[in-house]
Amino acid sequence: MTILYGYPDPKYLNTYKLGRAIHFDAEVRERFRKNPESVMNEFGLSPEEKELVKSADPVKMFKAGISPYTIFFICWEGYGFMHKPIEEQMLYKKDT
Amino acid sequence: MAKIVAAYASSHTPQLVVQPKISEEFTRQLQIVHNALMEVGRRIAAANADTVIVFGSDHMETFWLNNYPQLLLFTGTEVGGKFAGVELKLPSDPQLSKELLYGLIDMGFDVSFSHELELDHPYISPMYWVLKGAQHDSYRSKLVPFHVNSNVDPRIKPRRAFELGQAVRKVLESSSLPNRVALIATGGLSHFVGTPYYGKVDVEADNFLIEKMVSGRGYELADLTADWLDEHGEFEFRTWLAVIGAVNSAPAEVLAYQRAWHAGYCVMSFKL
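Protein sequence lines correspond, in order, to chains H and S.
Numbered as in the UniProt record's numbering, the first sequence ends at 96 without a single skipped number.
Numbered as in the UniProt record's numbering, the second sequence ends at 272 without a single skipped number.
Keep in mind that a hint or two might mislead.
Only part of the chain H face toward chain S is listed, based on derived beta-carbon distances under 8 Å [to be verified]: (1) 5; (2) 8; (3) 13; (4) 20; (5) 58; (6) 59; (7) 71; (8) 72; (9) 82; (10) 83; (11) 86; (12) 90; (13) 91; (14) 92.
A few chain H residues that don't get close to chain S, going by computed Cβ distances all over 12 Å [claimed, not checked]: (15) 34; (16) 35; (17) 36; (18) 41; (19) 42; (20) 44; (21) 46; (22) 48; (23) 50; (24) 51.
Across the chosen pairs, the derived CB separations fall in these ranges [claimed, not checked]: (25) S:85 / H:60: 30 to 36 Å; (26) S:178 / H:84: 48 to 54 Å; (27) H:84 / S:95: 46 to 52 Å; (28) H:86 / S:173: 45 to 51 Å; (29) H:57 / S:170: 47 to 53 Å.
No wet-lab data here; the hints were simulated from the structure.
Predicted model, so just to flag it, every value in this text is computed and none were measured.
Here a beta-carbon is modelled for each residue, glycine too, at the ideal position from N, C-alpha and C.
Work the whole structure out from these sequences, hints included.
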């Protein structure tokens, strides 16, 4: 493990825009929670990006190369992970 | 001559203001950190600081991928922002920040500037509590945000952050302005937000950094590598290095340290 907060891959620009909108705009956040597909279409996400966002899987998104902050906006703020029990938010398991 | 009269460093997590009710232990830990930040506010007011320079690290919130700065100094007259229902609006110090901008450019730091910024949690989370402690209604200091890119690669090197702090001190000391300046670094300590390591907290790395600062050997931390900082979740320590450089590695006092489930929360006061 070396650099974790790497260069934001430009191929995910629309996903970054979606994450930013979820962070800043309560109305977008609410609509995303109700109908993620429709909001992803508005932001022009590619099929690959849609699959990643729909997965709500931070590890999968990170491994694909999406910025950790966009992952936080989408999963913790968009999908509401921040208010889930701690054990559900924790991705790091000592034994893995 | 402007004078640095107080210096601090603190974590800046969103949870400091969101305060999610996810465990009694976490609520208790956040309270301890809130109290330490309010103590910072009381100390800044007691030191009669008229300007607070806050070294923060943006997370693609204030800045965006159309223009992402390595170093950016706020130079406008009023600054603020909204985060999680908290709204901050404060006067800034355009005279001092203009001197800093020109002085730093003269010293080889190509700092960007902005007269207009929307701050987010790296500033609002800690400052909400600091201002509360300073009894913001009766005591009103000017706020000068200073962005140090710690979160989006490529980022400035740790030594460069330390040298930036040294340069800030030199510019302040050569200024004809009479300001009494407080410094605050925000970010850290160990955490891994948005990565598969989220929930890991490298207490050993936190203790290593804390011991160096407490013993007045913060200058040794300028030799840390960018890889080391990421590997231990200490990437935001760049802002702390700026303050360490600005206070000539003055010894520090730990006002709070809490190993929470997702971050090593720390509030540090430097002894000037």
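Now the hints, each set against the structure:
The beta carbon of residue 5 of chain H is positioned within 8 Å of a beta carbon in chain S (closest approach about 5 Å), and the interface hint is therefore held. Among the interface hints, the one on residue 8 of chain H holds; its C-beta lies about 6 Å from the nearest C-beta in chain S, closer than the 8 Å criterion. Nearest Cβ of chain S to the Cβ of residue 13 of chain H: about 7 Å, under the 8 Å cut. The hint holds. Here the hint on residue 20 of chain H is kept, as its CB sits about 7 Å from the closest CB of chain S, short of 8 Å.
About 7 Å separates the beta-carbon of residue 58 of chain H from the nearest beta-carbon of chain S, less than 8 Å, and the hint is met. Hint on residue 59 of chain H holds. Least Cβ distance to chain S is approximately 5 Å, under the 8 Å limit. Proximity of residue 71 of chain H to chain S holds as hinted, the smallest CB-CB distance being about 4 Å (cut-off 8 Å). Interface restraint check: residue 72 of chain H against chain S, minimum CB-CB distance 4 Å, threshold 8 Å, status holds.
With 8 Å as the threshold, the beta carbon of residue 82 of chain H comes within range of chain S, its nearest partner Cβ sitting at about 5 Å, so the hint holds. Checking residue 83 of chain H against chain S by beta carbon gives a least distance of about 5 Å; that is within 8 Å, so the hint holds. Because the smallest distance between the Cβ of residue 86 of chain H and any Cβ of chain S comes to about 5 Å, under 8 Å, the interface hint for this residue holds. Interface hint at residue 90 of chain H: satisfied, since its Cβ lies 3 Å from the closest Cβ of chain S, which is below the 8 Å cut-off.
Evaluation of the residue 91 of chain H hint against chain S yields a held restraint, the C-beta minimum of about 4 Å falling below 8 Å. Taking 8 Å as the C-beta contact cut-off toward chain S, the hint placing residue 92 of chain H at the interface holds, the least distance being around 4 Å. At the 12 Å boundary, the C-beta of residue 34 of chain H stays outside the reach of chain S, the nearest C-beta of that chain being 21 Å off. With a least CB separation of 24 Å from chain S, residue 35 of chain H remains clear of the 12 Å interface cut-off, as annotated.
Listed as outside the interface, residue 36 of chain H is consistent with that label: its C-beta sits roughly 18 Å from the nearest C-beta of chain S, beyond the 12 Å cut-off. Every CB of chain S is more than 12 Å from the CB of residue 41 of chain H (nearest about 21 Å), matching its label as outside the interface. Its beta-carbon lying about 18 Å from the closest one in chain S, residue 42 of chain H satisfies the requirement of being farther than 12 Å from that chain. Listed as outside the interface, residue 44 of chain H is consistent with that label: its C-beta sits roughly 15 Å from the nearest C-beta of chain S, beyond the 12 Å cut-off.
At roughly 17 Å, the least C-beta separation between residue 46 of chain H and chain S is larger than 12 Å, which holds for a residue marked as non-interface. For residue 48 of chain H, the condition that its CB be more than 12 Å from all CB atoms of chain S holds, with the nearest at approximately 19 Å. Look at residue 50 of chain H: its CB is around 19 Å from the nearest CB on chain S, clear of 12 Å, so calling it non-interface holds up. The claim that residue 51 of chain H is not at the interface with chain S holds, since no C-beta of that chain comes within 12 Å of its own (minimum 18 Å).
Evaluation of the 30 to 36 Å hint for residue 85 of chain S and residue 60 of chain H yields a pass: the beta carbon distance comes to about 31 Å. The hinted range of 48 to 54 Å is satisfied by residue 178 of chain S and residue 84 of chain H, whose Cβ atoms lie roughly 51 Å apart. Evaluation of the 46 to 52 Å hint for residue 84 of chain H and residue 95 of chain S yields a pass: the beta carbon distance comes to about 47 Å. Residue 86 of chain H and residue 173 of chain S have their C-beta atoms about 46 Å apart, which keeps the hinted 45 to 51 Å range intact.
For residue 57 of chain H and residue 170 of chain S, the Cβ-Cβ distance of about 49 Å falls inside the hinted range of 47 to 53 Å, so the restraint holds.
Going down the numbered hints, you'll see the structure goes against none, and every one checks out.
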